[in-house]
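Number of protein chains: 2
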Amino acid sequence: MTAQTDQKRPGSRRIIISVDAMGGDAGPSAVVAGIVKSAEKNPDIGFILHGPQQQLEPLVSRQRTLEGRVEYRDVADVVTMEDRPSHVMRNGKGTSMWSALESVRSGEADGAVSCGNTGALMALSMLRLRKLPGVNRPAIAVLWPSRNPQGFNVMLDVGADIRADARDLLQYALMGASYARNGMDLRRPRIGLLNVGTEQHKGRTELKEAHGLIAQFAETANYDFVGFVEGSDIPGDVADVIVTDGFTGNVAIKTGEGTAGLIGDLLREAFKYSPLSRLASVLAITSMNRLKKRIDPRRVNGGVFLGLNGNVVKSHGSADATGVSAAIKLAFHLAQSGFAEKLAARVASTVELTQDDPIPAANPDQDHNEGQA
Amino acid sequence: MTAQTDQKRPGSRRIIISVDAMGGDAGPSAVVAGIVKSAEKNPDIGFILHGPQQQLEPLVSRQRTLEGRVEYRDVADVVTMEDRPSHVMRNGKGTSMWSALESVRSGEADGAVSCGNTGALMALSMLRLRKLPGVNRPAIAVLWPSRNPQGFNVMLDVGADIRADARDLLQYALMGASYARNGMDLRRPRIGLLNVGTEQHKGRTELKEAHGLIAQFAETANYDFVGFVEGSDIPGDVADVIVTDGFTGNVAIKTGEGTAGLIGDLLREAFKYSPLSRLASVLAITSMNRLKKRIDPRRVNGGVFLGLNGNVVKSHGSADATGVSAAIKLAFHLAQSGFAEKLAARVASTVELTQDDPIPAANPDQDHNEGQA
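Each protein sequence line maps, in turn, to chains A and B.
Just so you know, we're using the working numbering here: the first sequence kicks off at 706 and counts up by one.
Just so you know, we're using the working numbering here: the second sequence kicks off at 706 and counts up by one.
Chain A with its partners taken away, still in its complex shape (with noise of 0.2 Å):
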């Protein structure tokens, strides 16, 4: 598998990106804006693009940058975000979501990226994709604002399964710290399994259990445990990789969304309160904007699914260009990188212990995988 990948990498080739077109809370018309504004940052990049030709036709041929780049696939049905995942999984099939999958399946395309219903893009890149061998449960993986160096932190699962036990919790730590390395350039990551508190004693059983697990196989898999670490530490910077389950995880991120909007509609309101603090905002105009972009989520916009046959990058459903433009920028970095491919290398070394029951004790000696995924 890796010597395939190699093949698909000389620098010069071009990465095709597959983009359902549809879905997203902005319509096609965002979509196509966001795959204008990464045409324009990267001359490596390619598009297939899914979704009523006729509708895209007119958004696409009016951007000079897309000549020649965008391939169409020519669907009818879009997947809403009403939409049962499991509804969809039987009649998904004329549906630009399916077929935004179908292109990376068939090879034809790198990567995927859609703004849509994420239960259903879940749903539907297993069932196309197929999860890796070993892999119990794929992971959504997002990046989150932090005080470390790299300035995010991975967080995974934020809402691919609402269920983790102890051994999906050792999957999301393995996949999660391939991300971080891969994603973030850290050579040996630091995982924090997130819990109620700190101290051993605390916690679900699942998480205990998890803590002995991650634990056992942080200098096979190379990575270092910092144990339990707190919601606090989400943002923080004592680890680099946050493991949980999706319902938590998910309620975390969305909290920490809700938190910082609130927090910018009130600064906002503060800098119009009176003569004195609207001079103040023109004066400061530059650090905030810069503090803005610091923490602007559209910039990180994408999570991740880890744990399938191929790169899928859920974009938020509300994404506007620049988040759309983030998504593939993340869909094409991954592609580049050759990252399913280490991702499955990865999980491959550790199949035997996540199939096995009972958990057995891992062998310190076992010749694992060497390269860095």
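Treat each hint with caution, since some may be false.
Heads up, the list lumps identical chains together, so a pair's fine if it works in one copy or across two of them.
Unchecked claim - Taking lysine-lysine and the BS3-like style, the derived pairs with C-alpha atoms no more than 25 Å apart in a straight line are:
| no. | residue 1 | residue 2 |
| --- | --- | --- |
| 1 | 907 | 836 |
| 2 | 998 | 977 |
| 3 | 998 | 746 |
| 4 | 798 | 907 |
| 5 | 742 | 836 |
| 6 | 798 | 997 |
| 7 | 746 | 907 |
| 8 | 742 | 998 |
| 9 | 977 | 997 |
| 10 | 742 | 997 |
| 11 | 977 | 798 |
| 12 | 913 | 977 |
| 13 | 746 | 997 |
It is worth saying that the hints were derived from the structure and are not from the lab.
Model, not experiment: these values are computed from the prediction.
Given chain A's structure and the hints, the job is docking chain B onto it.
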């Protein structure tokens, strides 16, 4: 119980707050500074102070405001942040925490405040004050800055217990509604049940079950049920009370606190960045201080223990004088309004629901207590 409370509540009577002087990160001097702040603002308050008298007396005697308003309970031991709740339950008799709760139990004090170990405080509170009849799991409720007109939302449970089944969540809804009615003067609070999406098919089994139960009791218990809410709604305006299990709630508030802290630090940096931004910070200082006050977690410091025979407020472990004073103010208001008794009546009115098995249908004709608990 109500009669007894009424006797206790002539406007002129001094309300006695039992304060655990030890166990906080900042030591007894921060606690004494907090009671000084409260005493200065509130002539109707008196204190019983628990800890080594030799250490406390010099701190208190310097303060003229406290003259004649402080009684001591001389106890030598302290519950540390590292002590396990189970250990404290067996061996905690000589600690300031135990002693502080004892004063509430005996009726000498109208409420207790502690900055100490949360798990130990909850365990001792259950042991000494006992749960209200019909309450399975007590909960910790906090106020959280929000977009609602009242400026805050109630969230519970934020860490009394890491588990909660459907009936526990219903009780949290009932107790949270009572708290919002008494603490924020909301006639008919809106309850939201925290989940990973607002669609009814989402989430764990116990959440779907709780959804039905909480909806069923909306009329009888005089609240509106807005259904499932997401993490972003915790600081939002769609609900006044956010109901969740203690694991999720704890992670959510700590994530929110951590995110707010990071933004605050980045904002300070931004204001220091250039001569212009430094000038801006001077001009905007009044507006910024107003904003800071609006979201200052110290001002809403205090997790209220709900579901016990007595008022207990857990102050943040790192609380300074402002934080301790806020927690004392909260305990004072709860005691003054006879909250524990109203809550007991409210819970008693639904006790048959939570004890029967299987879950019975609600009886809308039932004669419920009309007090606004």
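Hint check against the structure, violated hint numbers in rising order:
5, 6, 7, 11 and 12
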